[in-house]
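Visitor: Given these sequences and hints, build the entire structure.
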Amino acid sequence: MSTFADSAYKLAKEAKRTMEILAPYNEDLVRSICREIRFLCSLIDKIKADMKTELQQNPSAITTVLVHHLTVKRSKRVLMAYHRQRVNRIKQIIWDQGNVLSSDNRIALSGPEIDFAKDYSELMTSYKQNFMEIDLGGNGGIGLDPPDDLFIEVRVLKDAGEVQTEYGVLNLKRGSQFYVRRTDVESLIRSGYLKHV
Amino acid sequence: MDNNSTLNSSIHITQSSEALYETGLDDEFATDDVAEMTQIWINERNSPEILPYRRRLVEDLTELIEHQGMVAMEGLSENVDMRFRSMLYQTEMERIKFLIRNYLRTRLYKIEKYTTYLLNRPDVRERLSDKEYEYAQSYAELLEKHYSKSFLNTLPQSQQDVNEKINTLSSVSVPDEYSAVIVRGKEEQGMFELESRRQYEIRLSPESIYMVRYSDIKLLLEEGQVELI
Numbered sequence: 001m002s003t004f005a006d007s008a009y010k011l012a013k014e015a016k017r018t019m020e021i022l023a024p025y026n027e028d029l030v031r032s033i034c035r036e037i038r039f040l041c042s043l044i045d046k047i048k049a050d051m052k053t054e055l056q057q058n059p060s061a062i063t064t065v066l067v068h069h070l071t072v073k074r075s076k077r078v079l080m081a082y083h084r085q086r087v088n089r090i091k092q093i094i095w096d097q098g099n100v101l102s103s104d105n106r107i108a109l110s111g112p113e114i115d116f117a118k119d120y121s122e123l124m125t126s127y128k129q130n131f132m133e134i135d136l137g138g139n140g141g142i143g144l145d146p147p148d149d150l151f152i153e154v155r156v157l158k159d160a161g162e163v164q165t166e167y168g169v170l171n172l173k174r175g176s177q178f179y180v181r182r183t184d185v186e187s188l189i190r191s192g193y194l195k196h197v
Numbered sequence: 001m002d003n004n005s006t007l008n009s010s011i012h013i014t015q016s017s018e019a020l021y022e023t024g025l026d027d028e029f030a031t032d033d034v035a036e037m038t039q040i041w042i043n044e045r046n047s048p049e050i051l052p053y054r055r056r057l058v059e060d061l062t063e064l065i066e067h068q069g070m071v072a073m074e075g076l077s078e079n080v081d082m083r084f085r086s087m088l089y090q091t092e093m094e095r096i097k098f099l100i101r102n103y104l105r106t107r108l109y110k111i112e113k114y115t116t117y118l119l120n121r122p123d124v125r126e127r128l129s130d131k132e133y134e135y136a137q138s139y140a141e142l143l144e145k146h147y148s149k150s151f152l153n154t155l156p157q158s159q160q161d162v163n164e165k166i167n168t169l170s171s172v173s174v175p176d177e178y179s180a181v182i183v184r185g186k187e188e189q190g191m192f193e194l195e196s197r198r199q200y201e202i203r204l205s206p207e208s209i210y211m212v213r214y215s216d217i218k219l220l221l222e223e224g225q226v227e228l229i
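Chains as they are written, first to last, in full-length UniProt numbering: chain F, 1 to 197; chain P, 1 to 229.
FYI, nobody ran anything at the bench for these hints, they're computed from the structure.
Please note that a few of the clues may not be correct.
Unchecked claim - Computed spacing ranges between beta-carbons, pair by pair:
| # | chain 1 | residue 1 | chain 2 | residue 2 | range |
| --- | --- | --- | --- | --- | --- |
| 1 | P | Thr38 | F | Lys173 | 20 to 30 Å |
| 2 | F | Arg106 | P | Thr31 | 41 to 51 Å |
| 3 | P | Ser129 | F | Ser191 | 14 to 24 Å |
| 4 | F | Gln129 | P | Glu126 | 43 to 53 Å |
| 5 | P | Leu57 | F | Ser176 | 37 to 47 Å |
| 6 | F | Met19 | P | Ser179 | 14 to 24 Å |
| 7 | F | Ser60 | P | Leu219 | 48 to 58 Å |
| 8 | F | Ser102 | P | Glu134 | 22 to 32 Å |
| 9 | P | Glu164 | F | Leu144 | 25 to 35 Å |
| 10 | P | Tyr109 | F | Glu153 | 30 to 40 Å |
| 11 | F | Ala81 | P | Glu126 | 24 to 34 Å |
Virtual Cβ for every residue (Gly too), placed ideally from N, Cα, C.
Guide: See the structure below:
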């Protein structure tokens, strides 16, 4: 027979090992820990019931109850920690990448976790709607990095004629220089018409 | 032709500054707001606990951004001068948006981390905006439901509570008031005695910077006498 809290120990180690990634949910281990907790609690209840009938309180019985009780509490803490860590990871994916339920992740999630991810996405979206002007990011959108170089200075290397941008028409004549929105000209830079200076 | 467009743009400028004035956001005002927002954001980032929500400030700045967005759009079809002006507006707007976004997200992070603690303490709860409070409540429900479905509901009745406390170990995360913060006085205010170490005094002035326990300067921060850096 294995020692009590063995599976909890295993789960704690697994949680530590998979801190950075979203590993498949370890349903078997979680189940066996729950089973053990139920078993220990029934033992405790039985001993307590016995103690009531015996007039003299037995020190060894009391110790047993204490040890079992601590085991239960410890296992429960491991379960909480394991689930919390996964929840945090799931939340992070939702903010940074959006769709947590892509096929890769989906197999790693438990049923309740899939529900949680959906509900959390909704919660996040509804909070974000209070700040439409700001765009709080999330769902793989804008991150928390400070904005850098919204506009850049470019020099025209090759005549490209007139280019329509959000800011009106740019007449790209060789040798001229513009201060433009980065997103507007990125493709032109790549194709060699413009040079970032 | 050229004259005409210059004239047009100058009219636009006057109009926009009038509009600015109407909403109570004249230039000086707005600059102050941005500077204040920057400090508020730095304080929030550096303090272990959540600080009172600055509703007025966030609202004012949001309004300003909305308005500036319109001004920037007006500049689109105008002459080069206006377009340049519009670019400057845009760049500055992105910066302000970043501040507010980061500020709100920092708060959300703390709300999620200390949800139970926040909801159980009326004095701390007051620091949240209405929306944040709603968010905290929904999040707490969500988490409890998740734990319950994942494993708690298979445990015996006596073990189903989410919040545990065994001796000094509690499952409720609480902000660490003893963590170190780096602090600077705002004005010359003389000496201030540290609560945690009575024999030590720090000098509050814009020139002196200290690393102290958060709990020691918590009140000073609330009163706005110091700022975190």
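Visitor: Does each hint fit the structure? Answer for all of them.
Guide: Here is what the structure says about each hint:
1. At about 41 Å, the CB distance of threonine 38/P to lysine 173/F disagrees with the hint of 20 to 30 Å.
2. In this structure, arginine 106/F and threonine 31/P meet the distance hint of 41 to 51 Å, their C-beta atoms being roughly 49 Å apart.
3. Judged by the Cβ atoms, the range 14 to 24 Å given for serine 129/P and serine 191/F is violated: they are separated by roughly 47 Å.
4. For the hinted restraint 43 to 53 Å between glutamine 129/F and glutamate 126/P, the CB-CB distance of approximately 24 Å leaves it violated.
5. Between leucine 57/P and serine 176/F the CB atoms are about 42 Å apart, so this pair conforms to the stated range of 37 to 47 Å.
6. Between methionine 19/F and serine 179/P the beta carbon distance is about 22 Å. The supplied range of 14 to 24 Å therefore holds.
7. Take serine 60/F and leucine 219/P: their Cβ atoms lie about 54 Å apart, and the range 48 to 58 Å holds.
8. The hinted window of 22 to 32 Å between serine 102/F and glutamate 134/P holds, with their beta carbons roughly 29 Å apart.
9. Look at glutamate 164/P against leucine 144/F: about 32 Å separates their beta carbons, and that is inside 25 to 35 Å.
10. Checked against the hint of 30 to 40 Å, the pair tyrosine 109/P and glutamate 153/F passes, with Cβ atoms roughly 36 Å apart.
11. Between alanine 81/F and glutamate 126/P the beta carbon distance is about 31 Å. The supplied range of 24 to 34 Å therefore holds.
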